[in-house]
Amino acid sequence: MLKLLIIASVWFLFFSAILHVVSQQVSLIGVYHDLGDESFFAKFRKILKCNIYLSFPIIFSFNIVMRTTITSIQVTDAFLISLPITLMSLLTVRVLSNPSEELKPVLCNFHGDDQKEMLVELHKERMLSFIYSFICRIPRSLLRG
Amino acid sequence: MDPGQAIINLIQFLLGGASLYSLLDDTIVRGLVLMFLLYLVVFIESILANKRAEKRPC
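Chains as they are written, first to last, in this note's numbering: chain A, -17 to 127; chain B, 1304 to 1361.
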């Protein structure tokens, strides 16, 4: 019984920390801001930090999926393959979350200019919601793996 | 950068490095625990940052 209580309290501590940190980092993905009085390197450091925090669960997830589904793969190979996949996944999400004129939602073509901004905002929200739920789903996948 | 922040950054770096290294070492569970600890440290850091922001005069 004591062991169960310890596991429950540790998981409560870890899970609340994970949800809070991931939520904070994901909310930064869809934001573009002018440099203002901030230096370029300060902004670059913040973006790098945000991407590193989000990379960990994705690297673990891809790594475990590869190791459990491909029996012949080496531990080192699985680790090395999961790095570029994670990098490109985060880059793709970042680009799609901030759509350019070519990548804007098709719905924009059927509405006037006044509603375009709202539709792009909705699109951003959808992308952020996707990545947030994707990352939050990872701990469950990891526990099953 | 103040010494407290430097220590927190160093702890985060060590936890992150050890977590990734454990993937190469085939000890997934240890890696997961280290990753969770890393997020716990970031969580505590954000709480401390909020406390500092509250004390700062507007």
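Don't read these hints as lab results, they were simulated from the structure.
Among the hints, a few may not be true.
Derived DSS-like pairs (lysine-lysine); straight-line CA-CA distance at most 25 Å [claimed, not checked]:
hint, chain 1, residue 1, chain 2, residue 2
1, A, 86, A, 98
2, A, 86, A, 106
3, A, 98, B, 1358
4, A, 25, A, 106
5, B, 1354, A, 106
6, A, 28, A, 98
7, B, 1358, A, 86
8, B, 1358, A, 28
9, A, 31, A, 106
Going through the hints against the structure:
no.	hint	verdict
1	86/A - 98/A	holds, 9 Å
2	86/A - 106/A	holds, 10 Å
3	98/A - 1358/B	violated, 41 Å
4	25/A - 106/A	holds, 21 Å
5	1354/B - 106/A	violated, 30 Å
6	28/A - 98/A	violated, 30 Å
7	1358/B - 86/A	violated, 42 Å
8	1358/B - 28/A	holds, 23 Å
9	31/A - 106/A	holds, 21 Å
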